[in-house]
Structure formats: C-alpha cells, structure tokens
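Protein chains in written order, with our numbering: chain A, 1 to 113; chain B, 1001 to 1112.
None of these hints come from the bench; they were simulated from the model.
One thing to keep in mind: the hints can contain errors.
As a list, the in silico DSSO-like pairs of lysine-lysine whose alpha-carbon atoms are at most 27 Å apart [stated by the list, open to error]: (1) A:Lys64 / A:Lys14; (2) B:Lys1042 / A:Lys14; (3) B:Lys1042 / A:Lys66; (4) A:Lys66 / A:Lys41; (5) B:Lys1067 / A:Lys55; (6) B:Lys1002 / A:Lys41; (7) A:Lys41 / B:Lys1070; (8) A:Lys64 / A:Lys20; (9) B:Lys1067 / B:Lys1002.
Quantities reported herein were computed from a predicted structural model and do not represent experimental measurements.
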Amino acid sequence: GAVVSQHPSWVICKSGTSVKIECRSLDFQATTMFWYRQFPKQSLMLMATSNEGSKATYEQGVEKDKFLINHASLTLSTLTVTSAHPEDSSFYICKLDRDTEAFFGQGTRLTVV
Amino acid sequence: QKEVEQDPGPLSVPEGAIVSLNCTYSNSAFQYFMWYRQYSRKGPELLMYTYSSGNKEDGRFTAQVDKSSKYISLFIRDSQPSDSATYLCAMSSSGSARQLTFGSGTQLTVLP
C-alpha cells in the first residue's frame, strides 16, 4: 500500500496567490521529509529538507520566504508557495526515507497563470 | 559537468524489445545505485536497488553497475506498453536515501 500521500495532485492558481501542498506519511513517523521540484525533462532537484519541530533546511538558491515549509507533526509536512508566479509552475514532489529506501509522493503539478 | 549524466531520450521501441537505459557518473564515492520509474504526472517509484558493482535481476529487469567505468545500466526484457514511463537513475555515497543524486531521466515509450 501507499506509504506517502501528497495532495493535491494538481492545482492551477492565479499569479500572486499562495498554494499549499501537503505530504503525509501513512505508515510510519517521519522526522524528516524532503521537497523536490522537477521541471519538464529535467532531474529532480532537492529544494529543502523538512524537520519535524524545527526549521527547514533550504538548498542553495531556494528562497525560504517564498517556499514556506511547516513540519508540525511526524506525519505531515506542508509546502506553501507564496505569491506564486508563472515561473514557479513545476512538478513538486515530497519524499520520505525509511532505512535505505525512499518513498515519493504522487507529486503536485502547479500551474500559475 | 553534472554529477550524473543520463540520456533524456525519448526512446521508442516495439513491444517485446530489449531496452537498455544507462547513466554515467563522476563521483567515485557513489556506492548505492537505484533505478526509479516515473509515470506521467506521478511521483517516482523504486524499481531496482544495487550496492557496488555487479548485476541484480528482478523479473524482466536487470540492473548492472560497473564502478570502474562509473557506468550503470538497466535492462528491460520483453518490454511491454505498460513499461512506458520515465526512468530515473539515482545514486548515493552514504547508503542513506536522504542524499540521492538523480539523473535527468530517460523517457521510454513501448509501442504495441
């Protein structure tokens, strides 16, 4: 069965608005979750590491004030794209790790118009 | 130079063909190698996982790692239309899934 649930699977929003994406761990408690972004025909790029109960760690070049991450519980991490612009349109995917195995969410296709 | 290079394709083959997908890498510290399959508009799912050099077989899929050449391959035998997806290689030096470096993915279409 599914280990990770990501919601919504797709969203269209107007430029300047904010969008929240949820990632839930279904089978185990995840102290750490990861957020990736994937542009068409490009690799998965790690955006940030979400840590339960503490601030997220952002990769170089990722604006922490634009991509707000909240990991308030061991089963839920949220990514909020604030003041979205068309260049933020992408496929966003969360990932959990259990031992040596990675489990990905279903992904969220964000289109900013 | 990217740490992991993967031919993006697209690659089209007839049903039943043998498919070969490849990645090269530059970081000699990588020891753990994975292949993920990603269907359109879905998250990647783990297909194969290998450690160090050698072969690993699982049904129609065979993963090969040649650390001396820094080259990994995924072979799909008797390919099916349901194999049509993007295949991503990924690798890690630590054995932790937390520190994966991904290839850009190869888009495969198996024609019926």
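Here is how each hint holds up against the structure:
no.	hint	result
1	A:Lys64 / A:Lys14	21 Å, holds
2	B:Lys1042 / A:Lys14	23 Å, holds
3	B:Lys1042 / A:Lys66	24 Å, holds
4	A:Lys66 / A:Lys41	24 Å, holds
5	B:Lys1067 / A:Lys55	37 Å, violated
6	B:Lys1002 / A:Lys41	15 Å, holds
7	A:Lys41 / B:Lys1070	23 Å, holds
8	A:Lys64 / A:Lys20	14 Å, holds
9	B:Lys1067 / B:Lys1002	17 Å, holds
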